[in-house]
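Could you fit the two chains together into a complex? Lean on the hints.
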Amino acid sequence: MNNKDNTIVSLENVTISYKSQPAVKNVYLDIPKSKVTALIGPSGCGKSTVLRAINRMNDLIEGCTLKGRVLFDGIDLYDKDIDPVEVRRRIGMVFQQPNPFPKSIYENIAFGARINGYSGDMDELVELSLRQAAVWDECKDKLNDSGVSLSGGQQQRLCIARTIAIQPEIILMDEPCSALDPISTLKIEETIHELKKDFTIVIVTHNMQQALRVSDMTAFYNAEQEEGTSGGKVGYLVEFNKTEEIFNSPCQKATQDYVSGRFG
Amino acid sequence: MNSNLYYNPSLRRNISDKVLTLLSGLFSLIAILPLILVIAYVIVNGASQINLSVLTQLPEPPGDDISAGGIGNAIIGTLIVTGIAALISIPIGVGGGIYLAEYSKPGVFTKFIRFGTNVLSGVPSIISGVCVYGVIVSTKIILGSNFSALAGGLALSILMLPTIIKTTDEGLKLVSNDLRKAALGLGASKYITITRVTLPSAITPIATGVVLAIARAAGETAPLIFTALFSFYWAQGTQALLEPIATLSVLIYNFALEPYKTQNELACAASFILVIVVLMMNLLTKLIGYYTNSNKS
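Just so you know, the protein sequences line up as chains A and B, in that order.
Counting from 1, position 195 in the first sequence corresponds to residue 195 in this note's numbering; the numbering is continuous, with no gaps.
Counting from 1, position 147 in the second sequence corresponds to residue 411 in this note's numbering; the numbering is continuous, with no gaps.
Calculated from the structure, these hints are not laboratory results.
Predicted, not measured: the structure shown is a model, and the values here were computed from it.
Beta carbons: idealized from backbone N, C-alpha and C, even for Gly.
Watch out, some of these pointers could steer you wrong.
Not everything, but these chain B residues come out facing chain A in the computed CB check (under 8 Å) [claimed, not checked]:
#1 G380
#2 I406
#3 D442
#4 L443
#5 G449
#6 G451
#7 A452
#8 S453
#9 R460
#10 V461
#11 S465
In silico contact screen, one side only, chain B against chain A (beta carbon under 7 Å); selected entries [what the hints assert, rightly or not]:
#12 A446
#13 I456
#14 L463
In silico negatives: residues of chain A with every beta carbon more than 10 Å from chain B [said to hold, decoys possible]:
#15 E86
#16 Q97
#17 Y106
#18 E169
#19 K187
#20 D216
#21 S249
This is chain B alone, in the form it adopts within the complex (with noise of 0.2 Å):
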């Protein structure tokens, strides 16, 4: 009864309260570190490295330790690579959400699909690798073409293929259903109410999903190496496509294992650029999000 109402720093609730306040705060903290570290040691190690010839050269082949050259091939390489591996993945990915969230009916087959979508998100990257490698660089099945950019872009287009689609199947899904109804009650067909209402409405988390897939994409090296291989040259005119080519992936693993100081240091620009390019690709997505709500309402 004559308890008082005043704050009592000494309880055992409110000492274990501190505690593990305290606690989650660490390691939430330490959850942070290894991002805070590697974004550190890429900006201190890569930007001093970072000129226009780095930009703009071809690097040179290790030995000559006076110049390693640049990664200019690289950079246009990735962007062929994952613009290839694009160009295949959002149609059949945004199809095939488009189909799950709005044609298929709940059945064995959907049920399949979802699931088969979920494991092949799982799948690690260099089993992508290895299945192109194995079905169309050591068969030369493309045009009589080992390693190349298009091999290359199809193994990153399998490892973008289930977050585009499982992207697309959810926005659409999230879609208000009397939208649907609106449409299809003003006398709309399926596919009229789908591109002209459901998708519109869905673009923001399909585009999110789609980028965040492309910079996922562009980082990674394990499938590039079986199946794009490495190049010195720049990638010239549309044959390019069928011949190996420099990634910044791989042009990083392949420098940062040399014995070599200035190879080191051009994988260090490299690896710089990438992670600028896929920081500003999640950017890119909060981008979109602010974007597109701020034009519906």
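This is chain A alone, in the form it adopts within the complex (with noise of 0.2 Å):
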């Protein structure tokens, strides 16, 4: 079903601990490119910990180490000659907490594409950047304004539209919608629907409806007790096909259970 040809970014084996701890463990996984991928499942199944590992974002965090291959365009992006800084500036990410840098609309956009060396006409492309974000409109007249100033909504479509001005491959979002009102969630969709069209787009939600509503293809994860160990749970994907069908005919019972609303 998948064509190689179609994969931007595929995870072979991988499996991430923190300290000496599994938080997930052997996921394959092939991200379409252009298209809408979901992750779902019950909270510490270790969706955000697999998104954070597709951009390298997991370097941050004190002890986490990744064992496997996350390949982009064919590269694994955890060979050692890879520039971490590098990665990010391709595959861009938007938090589940709004966070605007304490400057003008403008500079927020402007930071990213700047220390990317961008040269063109820069109000060029603040404005093409907070079109595609949905959030023109509402920040146009007040472009000096600082951008935590601006609603919860607004400054999620701030952010995004901060990721996209440096134009990256892929964009990472990081449950977006969780920290907002279901008015700011539905545009934020609208936005997701519109980007799909230019940039590759891996979203972690723990809204269904949402999965449902924004993505192609849909990966549920579940987490399970390592048999022998008294320590946490650690995550697993169970299924990984187009959204219609993780919905309408999984092949697994968990995915069933959960999709249906019978746990988690």
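Laid out in structure tokens, this is it:
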């Protein structure tokens, strides 16, 4: 089903551990290009951990190690010659809490582009990015106001615009709507629909309806007590398929139980 | 059941409440009394001595009871010595604070630096003076000069360092990790993240710490007696950095102890200037906080 040519990121037997405790193990996942892939599952199943592994944000967490391979365009991102800064320029990230810089809206967008050596028309880029993130109309008259002065939903779309401005190939979103109200959530989801024309998107969400609404592919993770240990649960990938398959005719019983709201 | 709800002043708990409130009020009044006394004393005795010639003339050597001259060279000297101290301690202190907050990994070395900083901030100022005297002044290690503005600045910078390191370290630790993640997630290097995002966000506490450290250093006497000494002449040219230099605090120390009234009055004038400068510095920190906060949101 998955043509290898359409795969942009491929996780091969990835196990991620905090200290010596594995958080998620033996994940195989092929993320298709120019599609929205949702990662769903109960708390503690390691879906955010997997997401952060894709642009090496886990490097920032003390004691976090990864085994296996994460291939991006066929290159192993965890090869020791890889520069994580360069990886994050190609694979941008939007976080759970909106985190605009305490600078003007304009500077928020220009910051990433400038440090990436963008030399074109900055005004044009700012407008384009804000338009793509569907926040231009609300911001265009106050580009010099602080990004922090916007509402939560606007801040999150500003953060998306900021990520778009560095022209990454992939945008990772870690529960981007969990701190937002339903209307802002709807707007972000519309934004995601627009964005997938130009970008590959991987989104972690707790909200199954959201996964159903925005994604083309869905990966369901679950966690279970590891045998012979007293420690925490270990996450694993249960099922990865087209979103409608996952929600309408899942192969696994655990998936069926989760998407129908019987646990999680 | 039929006890009434009205306030009864003769109740034991109400009496002790009143007494304790009164007592704590009294003690806090006593606590700020020294501050009021010092400022009142300096203003009453010092402000009347201030005139243009006091601010611009050189001090006369003791013994001439007609006029003690002015404190012009001491004002310039304090600016020079404190300026040297700031030039040394701000880069080192801010740099050290950045290392502690942003780069260091928790471990023995980091703990040692933080502990050392705390110890250094508790070192009596006279010790830093004696130390610089022993290392630089008595050995004439800097171009053969002994007492000098440079040595004085160095002694003061030792006193400023711990304050600057600590406020930088703590100011940076207050910056939300979300901001660091935001910058790193956009492909910013650690250097860019620190210089463009975290450091600007922490500029208020850092600037406040720097100004407080400068204010403290400007009033120090003990370390300067051993290092900058005193001079009755103007600081002239770059050569002045390697020569003894007058400062307000040492001028106060020298002249307040003279048996001559005119000299004592000059010390009062210098005290007034010094207290005003320190007060201004403290007000400046409030201003920095006010200005940068209103700028952010």
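Open item on the list: When the structure is checked against the list of hints, which entries are broken? Sort them ascending.
Closed with: 1, 2, 14, 15 and 16
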